[in-house]
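Peer 1: Chains as they are written, first to last, in the numbering used here: chain R, 7 to 408; chain U, 7 to 408; chain C, 7 to 408; chain V, 7 to 408.
Hints listed in this document are in silico derivations from the structure and should not be mistaken for laboratory results. Check the hints yourself; a few may be wrong.
What follows is a set of in silico ranges between Cβ atoms, one per label pair, in the way DEER data are often shown [unchecked claim]: (1) V/Gln258 to C/Val291: 19 to 25 Å; (2) C/Ser80 to U/Gly78: 28 to 34 Å; (3) C/Thr299 to R/Asp10: 40 to 46 Å; (4) U/Phe44 to C/Thr299: 34 to 40 Å; (5) C/Ser80 to U/Asn16: 21 to 27 Å; (6) C/Phe31 to U/Gly78: 44 to 50 Å; (7) R/Pro180 to U/Pro296: 47 to 53 Å; (8) U/Phe44 to R/Thr210: 54 to 60 Å; (9) R/Gln199 to C/Gly249: 37 to 43 Å; (10) U/Arg330 to C/Thr299: 30 to 36 Å; (11) C/Thr214 to V/Glu74: 57 to 63 Å; (12) C/Glu134 to U/Ser23: 53 to 59 Å; (13) R/Thr210 to U/Pro296: 46 to 52 Å; (14) R/Ser73 to U/Thr235: 51 to 57 Å.
Virtual Cβ for every residue (Gly too), placed ideally from N, Cα, C.
Number of protein chains: 4
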Amino acid sequence: MDFDHPDHVNALMARVSAFMDAHIFPNEHLYEEQVKEFGWTQAPPVIEELKEKARAERLWNMFLPDSEAGFGLSNLEYAPLCELMGRSPIGPEAFNCAAPDTGNMEVLERYGSQEHKDEWLKPLLAGEIRSAFAMTEPEVASSDATNIKTSIVQEGNGYTINGRKWYISGAGDPRCKILIVMGKTDPEADRHQQQSMILVPMDTPGVTVVRPMEVFGNDHAPHGHMEITFENVKVPASNLLLGEGRGFEIAQGRLGPGRIHHCMRLIGMSERCLEMMCRRVQERVAFGRPLATRDNIRADIADSRIEIDSARLLVLRAADMMDRVGNKEAKSEISAIKVVAPNLCQRVADRAIQAHGAMGISQDTILAHAWMHARTIRFADGPDEVHRGVISKIELAKHKDG
Amino acid sequence: MDFDHPDHVNALMARVSAFMDAHIFPNEHLYEEQVKEFGWTQAPPVIEELKEKARAERLWNMFLPDSEAGFGLSNLEYAPLCELMGRSPIGPEAFNCAAPDTGNMEVLERYGSQEHKDEWLKPLLAGEIRSAFAMTEPEVASSDATNIKTSIVQEGNGYTINGRKWYISGAGDPRCKILIVMGKTDPEADRHQQQSMILVPMDTPGVTVVRPMEVFGNDHAPHGHMEITFENVKVPASNLLLGEGRGFEIAQGRLGPGRIHHCMRLIGMSERCLEMMCRRVQERVAFGRPLATRDNIRADIADSRIEIDSARLLVLRAADMMDRVGNKEAKSEISAIKVVAPNLCQRVADRAIQAHGAMGISQDTILAHAWMHARTIRFADGPDEVHRGVISKIELAKHKDG
Amino acid sequence: MDFDHPDHVNALMARVSAFMDAHIFPNEHLYEEQVKEFGWTQAPPVIEELKEKARAERLWNMFLPDSEAGFGLSNLEYAPLCELMGRSPIGPEAFNCAAPDTGNMEVLERYGSQEHKDEWLKPLLAGEIRSAFAMTEPEVASSDATNIKTSIVQEGNGYTINGRKWYISGAGDPRCKILIVMGKTDPEADRHQQQSMILVPMDTPGVTVVRPMEVFGNDHAPHGHMEITFENVKVPASNLLLGEGRGFEIAQGRLGPGRIHHCMRLIGMSERCLEMMCRRVQERVAFGRPLATRDNIRADIADSRIEIDSARLLVLRAADMMDRVGNKEAKSEISAIKVVAPNLCQRVADRAIQAHGAMGISQDTILAHAWMHARTIRFADGPDEVHRGVISKIELAKHKDG
Amino acid sequence: MDFDHPDHVNALMARVSAFMDAHIFPNEHLYEEQVKEFGWTQAPPVIEELKEKARAERLWNMFLPDSEAGFGLSNLEYAPLCELMGRSPIGPEAFNCAAPDTGNMEVLERYGSQEHKDEWLKPLLAGEIRSAFAMTEPEVASSDATNIKTSIVQEGNGYTINGRKWYISGAGDPRCKILIVMGKTDPEADRHQQQSMILVPMDTPGVTVVRPMEVFGNDHAPHGHMEITFENVKVPASNLLLGEGRGFEIAQGRLGPGRIHHCMRLIGMSERCLEMMCRRVQERVAFGRPLATRDNIRADIADSRIEIDSARLLVLRAADMMDRVGNKEAKSEISAIKVVAPNLCQRVADRAIQAHGAMGISQDTILAHAWMHARTIRFADGPDEVHRGVISKIELAKHKDG
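Go ahead and model the full structure; you've got the sequences and the hints to work with.
Peer 2: In structure tokens, the structure reads:
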């Protein structure tokens, strides 16, 4: 048992951290200004500049384990780096380690054909295009993925897709070129064999972006969370990933890494919120003394420290299990962090907001972002309730023969 | 002891409720569309139409107790009406019962001169203009109002005002014509005699709206929460309310009603969130059965029911105390509801959001609004911490002689 | 709407309160000493002396509404008196208003024959004997009363009872003369018509007290919570209450008052804990200043004040509904307080314990008692989960036609 | 970074676990019966038999790191063993690893003279005698140890001790032969140099056990938590540990291991509660289905699983820090687990109790013990509030120069 990172990870952490300090944090406001300037028309130029810099420093694509295309890091080694990037809302993309692309790249790497890799994985790894994952539907409770009813019907040499999706994150970005769509190929099959995944280029006829869905009133342009209709969308049969009825299998493979990356980033964001709170309460004076002298503020700080530390340990342990026994065996551990990290970040951000007063909800800090983002992740990629169900099922099975 | 409303209140409740059903709820989306269309340039036309209708039905200015200008209702009688209006974000304004105008009208009615009333109260009561209350400052912890440092200096026949305020709600509205500004007339006076309040017309030279402050990324145009600078703003001496050094006294008088109105509305909003949750969970099916059959969902509903009911009783009791012993004597009770109601509404909205999934954070329901608004009120008009301090001080004093 | 008690209730409150101060609180330690001295052999003599005093002052049997045998108070009028008595663990019995007798007397008054009343209700009202209610069984989840499996079989002119009960509170007391036993008369009937209630004198052959069950290590002698076996216990047919298959009906009638009385007492106990905490923190100094100056302590006090006040209002409202629309119609409101009050008292006691340090868990204060008792009530008379189920069912039904 | 225990620890874990299964759990009820039989007069014979067995298997004194007298395990290696022993209230003593002796033995090993070791440490390590640690006083808030006012005055060749202590755990045991007493040698010295520690044999004239203090109504005989007076108690000067004014230094050294051992045991106890809950809910049926099918029960199980796992990781990390940088540098980490573990265990026990119904508070399971014990540890060895203060102070210092 050993709680230290190995030297090469420590070295990478130092480099990522230095990059964050030098390039990411100082450009957060500029990014926001450019978003206001360019809206949906183009990605803020500053992000492309940052990507160039990160790539030049070879801090790029650190996320992809077990692949020659990647950096050669395990999940456990990647975790502290991902956490550092997650300290800024614009960090992950700068290092080409942003959602939903990392998950999509894992799908293409694990389940894609060579053609898929050449056409889509390569430019994604190069940071030239972006991608989206089209699963959630407005008309059904998508927390139960068997509910998904978009149809994928084989016709001639290809598949025809019909359905309505929403909250397709990243699909608003003009750089987004490819969708991984989940839908039903066989509504008569066994419950977990009905779904398949298929590649749909954004520019395929019949793909219509209806509107940007808002997240607490924010449209997150140019990334966006789009409502998209698929009307008689036709793609070649080769676009199907892995085979008909294997959508669940891929979803499980994809969601493991996707979830743990979210958790790592949320821990980084929580650390930053706590740090901001610590600074703020030592500066602000009310009723004759700094807020930092108040026991309830101090209790909030202590609890945040404790909760962040324990969440981080849980995430590292889950990453280690994924590396050693595989995503499937680490199911309970992944569900555990998926419950813990978003709630943690929402709580820590909430405390920091309260300590900041009006500034905490304003555009002048990242606290409002942290709070809303964390709240959103509490049901994205599976709501807390579903993950608690997974954990309890495994736990109950351990003690069955009373 | 009697838990029923009197007949005339029940009759008014029925009328307000019918108005909400007929006119308010059906126009919420139109309002949002018009906000997107007109932005900061004008108030959505639909709200003026609604105001006309409400006025025609004599459901107008129901908030002002102890005044010939008002409707003749006590706080206790007004409470259930205010709750009903609060079920919609656009309800209160339609009945001319919206923050911050109600609080400002109370100030003008209680502490204004006849001239102030003629010039500002009259058009406010008529719904012709709007107003704002300029207290919070970016550079100090305004939760402790003695920190406020905007200067109000007597010069010649008038006062000169210098300072920076932010989160001045409503000051973005083109209909907003008058500000009530809090600032220091005498930095050397006793801690609670340093501040005064003064009327500053929006068009006074030196008043500059710097930018809209955002609330979780939303600018709330055209209402807005503006950052405003006051640079050598000169107003006549007669604009001073009540007298130099009496700002705290007015603030206390103003904040009592302002706070309880917020709480009443938050309870209405909580009721609506709960109602939405109840409908949703009976429609949505996951893992083979409606969400409504799940015990954790049912526990959320039960707890929401319990918490709303107890918060409402607390609010009614506080209103009754304000009516009978005055705002000052009801201090602990007002602080209690100011802690309870925003936390309640945030919690109930959070549960409803979770039950709605992605729709819960979208622009398609009022849940996201409810959640963010409730969070904001947790520190607006005094953060929870300050109110808990008020309550505990009074409680401790009861049991002093150990 | 009116939050004041009527004059005659205020007068009674003053008298009960004076009695508590003069006689009850000063004798708590003596009671404990006598318990240690006499154990299971007899009730502490002091309690009989207190009962005599209370009876002499005509503060006696105040609980029984709608009955000539009672005091003529409604539930709403009784509530504040019951709260005052509940401030001491030995208060209720002194006024002949203690559980489980009050509930049992209500059963006898509402559902008993004249013979039952003469034989058992009369001496209970006179405080000459005590009683117990035998419902919970060790082998089944008694939270679902349909599980209860003690058999009550008609044989000849009477009934024969076989089964095992536990946690039969009060059955350890040598003064306990009568049991109301719930069991199955017809296992084939409809789920809610299988159970009946029958009177079983403690000295009936076949009734065996197996052992005292402990509550967190305490046996609560001489009251006790006994495990009792019924082996071929024979009683006359006339001992059956109301009729075969009507056990549920009686249970509902009994549990309403039983539950609300518990809640009233728990609020009184909470008030006392809060008062003790307020005194303590103003006396104790740590790290150079009284605990009362610490914000987290103050927040605990404020939250306790708020929570007690709102729980009391809920209880009063529930009492009012019971008086006006009946126990059955007030089902949701009774379940609400049954969830709220025990959790409240546990929480307030927990805070007071923390503020007291070691003394808080000792025999030197009533805090340890309050905390354990509140915890116990969280599942006695229906666990929180069942009550939340009742409330949510009613709430969901209101909003069915989505 | 590595989350596995080394082989020799895994082997020890298997042996301790087997011992628990074979000898400890089956004897818990017998132990309780013997306690009832022998009371304060002697320790239950079964515990001495268990100690003999454990010693024979060389599962003995595993706790003492960095000492030839010990087992040679680091804190990190000892942690999982201590957790296993902690699954039973009688586990730790059987392995001679019980509080307060382990802490006291550490004091004697680190700060005692050779004479102290020969006279007291040797028989303690042999399990022949027991010991107690006399710090808490009834008259002051002992959470701030500078408050302690027992006087230790040098007179002639020795020291004279006067004062009153309470909640001196273990001092009721007839096998308890030695007290480590904390008191003031110099009330005029600097705040942290006033206190000293001194060895006082139980049979020294002037040492009087006044009464057993109760823990939620339990006296925990024969161990006990005694109130003790020291009246002109005279001991030789050589009984002073380390030197005058060094009491704080020793307390810090003692409390680190003492606290982490408590935490390890609490995690073991939490695991057992969770396991019991899992079994119970799969057996019990209410309203037609096993409790295990209910979502709120499943959520409780999932949360317990998550919380136990994260607490264990925190404890292991703290143990590792103690091993590598010393108890003083690991201060924040030790305080963190001291907050986390007792609250965890109280919460997990509370959930298990609720799932067990009446049985959960009875003498038939260890749940009631777990719940009360965990609650007690929430202020023993420093209340949560003090530990949160320690953590926040360190955290704030990291971000000082805003």
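Peer 1: Evaluate each hint against the coordinates.
Peer 2: Right, here's what the structure says about each hint:
At about 22 Å, the beta-carbon gap between glutamine 258 of chain V and valine 291 of chain C stays in the expected band of 19 to 25 Å. For serine 80 of chain C and glycine 78 of chain U, the Cβ-Cβ distance of about 33 Å falls inside the hinted range of 28 to 34 Å, so the restraint holds. For the pair threonine 299 of chain C and aspartate 10 of chain R, the supplied restraint of 40 to 46 Å holds, since their beta-carbon distance comes to about 42 Å. Checked against the hint of 34 to 40 Å, the pair phenylalanine 44 of chain U and threonine 299 of chain C fails, with Cβ atoms roughly 52 Å apart.
With their beta carbons about 23 Å apart, serine 80 of chain C and asparagine 16 of chain U fall inside the hinted range of 21 to 27 Å. At roughly 48 Å, the beta-carbon separation of phenylalanine 31 of chain C and glycine 78 of chain U lies within the given 44 to 50 Å, and the hint holds. The beta-carbon spacing between proline 180 of chain R and proline 296 of chain U, approximately 41 Å, falls outside the hinted interval of 47 to 53 Å. A hinted range of 54 to 60 Å is violated for the C-beta pair phenylalanine 44 of chain U and threonine 210 of chain R, which are about 37 Å apart.
Range check, glutamine 199 of chain R to glycine 249 of chain C: about 57 Å between beta-carbon atoms, so the 37 to 43 Å window is missed. The given range of 30 to 36 Å is respected by arginine 330 of chain U and threonine 299 of chain C, whose C-beta atoms sit roughly 33 Å from each other. For threonine 214 of chain C paired with glutamate 74 of chain V, a C-beta distance near 59 Å keeps the hint of 57 to 63 Å intact. Under the hint 53 to 59 Å, the C-beta atoms of glutamate 134 of chain C and serine 23 of chain U, about 56 Å apart, fit the expected range.
At roughly 36 Å, the beta-carbon separation of threonine 210 of chain R and proline 296 of chain U lies outside the given 46 to 52 Å, and the hint is violated. Range check, serine 73 of chain R to threonine 235 of chain U: about 56 Å between beta-carbon atoms, so the 51 to 57 Å window is met.
Of the numbered hints stated above, those contradicted by the structure are hints 4, 7, 8, 9 and 13, listed in ascending order.
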